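Each protein sequence line maps, in turn, to chains A and B. My numbering applies: residue 233 is where the first sequence begins, and numbers increase by one. My numbering applies: residue 767 is where the second sequence begins, and numbers increase by one.
Hints were generated in silico from the structure; no laboratory data involved. Being a predicted model, the structure only gives us computed values, none of them experimental. Cβ atoms here follow ideal geometry from the backbone N, Cα and C, with glycine treated the same way. Worth double-checking, as some hints may not be accurate.
Stated by the list, open to error - One-sided excerpt, in silico: chain A residues whose CB lies under 7 Å from chain B:
hint	residue
1	G260
2	L271
3	G274
4	L275
5	Q276
6	F322
7	G334
8	E335
9	F338
10	E340
As the list claims (entries may be wrong) - Straight-line alpha carbon distances no greater than 27 Å define the calculated DSSO-like cross-link-like pairs of lysine-lysine that follow:
hint	chain 1	residue 1	chain 2	residue 2
11	B	K835	A	K241
12	B	K875	B	K835
13	A	K289	B	K815
14	B	K875	B	K815
15	B	K867	A	K289
16	B	K824	A	K241
17	B	K867	B	K815
18	B	K867	B	K835
19	B	K875	B	K834
20	A	K289	A	K241
21	B	K815	B	K835
22	B	K824	B	K875
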Amino acid sequence: DSGVTQTPKHLITATGQRVTLRCSPRSGDLSVYWYQQSLDQGLQFLIQYYNGEERAKGNILERFSAQQFPDLHSELNLSSLELGDSALYFCASSVGSGGGTGELFFGEGSRLTVL
Amino acid sequence: AQSVTQLGSHVSVSEGALVLLRCNYSSSVPPYLFWYVQYPNQGLQLLLKYTTGATLVKGINGFEAEFKKSETSFHLTKPSAHMSDAAEYFCAVSVPGGYQKVTFGTGTKLQVIP
Numbered sequence: 233d234s235g236v237t238q239t240p241k242h243l244i245t246a247t248g249q250r251v252t253l254r255c256s257p258r259s260g261d262l263s264v265y266w267y268q269q270s271l272d273q274g275l276q277f278l279i280q281y282y283n284g285e286e287r288a289k290g291n292i293l294e295r296f297s298a299q300q301f302p303d304l305h306s307e308l309n310l311s312s313l314e315l316g317d318s319a320l321y322f323c324a325s326s327v328g329s330g331g332g333t334g335e336l337f338f339g340e341g342s343r344l345t346v347l
Numbered sequence: 767a768q769s770v771t772q773l774g775s776h777v778s779v780s781e782g783a784l785v786l787l788r789c790n791y792s793s794s795v796p797p798y799l800f801w802y803v804q805y806p807n808q809g810l811q812l813l814l815k816y817t818t819g820a821t822l823v824k825g826i827n828g829f830e831a832e833f834k835k836s837e838t839s840f841h842l843t844k845p846s847a848h849m850s851d852a853a854e855y856f857c858a859v860s861v862p863g864g865y866q867k868v869t870f871g872t873g874t875k876l877q878v879i880p
């Protein structure tokens, strides 16, 4: 058990809909990372937050947004869903400050299926 | 900026044979290096990491990796492959300080043939 909790584990929805994925980081970790993993594109970095502020942005679509709340949990919002958004979405956390090494602790992922 | 290159998206070995997964990195400062493993339908978990000190790092399940600065490499090895080693392996790099941006390689799927 990594200590990172993601909900829901599975989600099936239709094209055009909007979903929210939730992540609770490991106790004490300030950084949260979101990744998308699909068969054709592999593991793609989406976005990183540190203590509530956006710190790095990767290949995140404009239809996607994220935020990190004061209690450090994070949500990834996916809107106007398309078939190609079907993927595993991982959240990871790390200490996030200069004292850490960047070691990431991953949740078990949220599997999104868009029909 | 940092980057990671994993050579070979798929590697097949026979059970009992040597496992060698290649990783080369690029970093402007001494990096931290990681190998993660992902079993089917699971999240990534840390296999081993190099931060400072001894350049030969031992991890879980009999894996080890050696940091070679002169070659900018961090290859993962295991003397004898087991069927349970079949998984996808990711090399990653981060740099000390800052907000710890972590860069992953594209992954190598290891197949173990009985």
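Going down the list of hints, with the structure as the test:
Proximity of G260(A) to chain B is violated relative to the hint, the smallest CB-CB distance being about 14 Å (cut-off 7 Å). A hinted interface residue such as L271(A) counts as satisfied when its beta carbon comes closer than 7 Å to some beta carbon of chain B; here the least separation is about 11 Å, so the hint is violated. Of the supplied interface hints, the one on G274(A) holds, with its beta-carbon coming within about 5 Å of a beta-carbon of chain B, less than 7 Å. Interface hint status for L275(A): upheld, as the beta-carbon distance to the closest one in chain B is roughly 6 Å, under 7 Å.
With 7 Å as the threshold, the beta carbon of Q276(A) stays out of range of chain B, its nearest partner Cβ sitting at about 9 Å, so the hint is violated. Interface restraint check for F322(A): the shortest CB-CB distance to chain B comes to about 6 Å, inside 7 Å, so the restraint holds. Look at G334(A): its Cβ gets to within about 3 Å of chain B, closer than 7 Å, so that hint holds up. A hinted interface residue such as E335(A) counts as satisfied when its beta carbon comes closer than 7 Å to some beta carbon of chain B; here the least separation is about 6 Å, so the hint holds.
Checking F338(A) against chain B by beta carbon gives a least distance of about 4 Å; that is within 7 Å, so the hint holds. Annotation: E340(A) was flagged as interfacial toward chain B, and the flag holds, the nearest CB pair being 5 Å apart, inside 7 Å. For the given pair, K835(B) sits about 40 Å from K241(A) by alpha-carbon distance, which is inconsistent with the 27 Å threshold. Of the supplied pair hints, the one linking K875(B) and K835(B) holds, its CA atoms being roughly 25 Å apart against a limit of 27 Å.
With a C-alpha separation of about 24 Å, the suggested pair K289(A) and K815(B) falls inside the 27 Å cut-off, and the hint holds. Annotation: proposed proximity of K875(B) to K815(B) holds, straight-line Cα distance about 19 Å (limit 27 Å). For the hint linking K867(B) to K289(A), the alpha-carbon distance of about 10 Å falls within 27 Å, and the restraint holds. Proximity of K824(B) to K241(A) is assessed by CA-CA distance (about 32 Å); at most 27 Å being required, the pair is judged violated.
A distance of roughly 16 Å separates the Cα atoms of K867(B) and K815(B); the hinted pair therefore holds under the 27 Å criterion. Taken as a hint, the K867(B) and K835(B) pair is honoured in the structure, with Cα atoms around 20 Å apart against an allowance of 27 Å. Between K875(B) and K834(B) the CA atoms are separated by roughly 23 Å; this keeps the pair inside 27 Å, and the hint holds. Under the criterion of a C-alpha separation no larger than 27 Å, the hint pairing K289(A) with K241(A) is consistent with the structure, at around 24 Å.
For the proposed pair K815(B) and K835(B), the alpha carbon gap of about 15 Å is at most 27 Å, so the pair holds. Restraint check: the Cα-Cα separation between K824(B) and K875(B) comes to about 21 Å, which is no more than 27 Å; the hinted pair holds.
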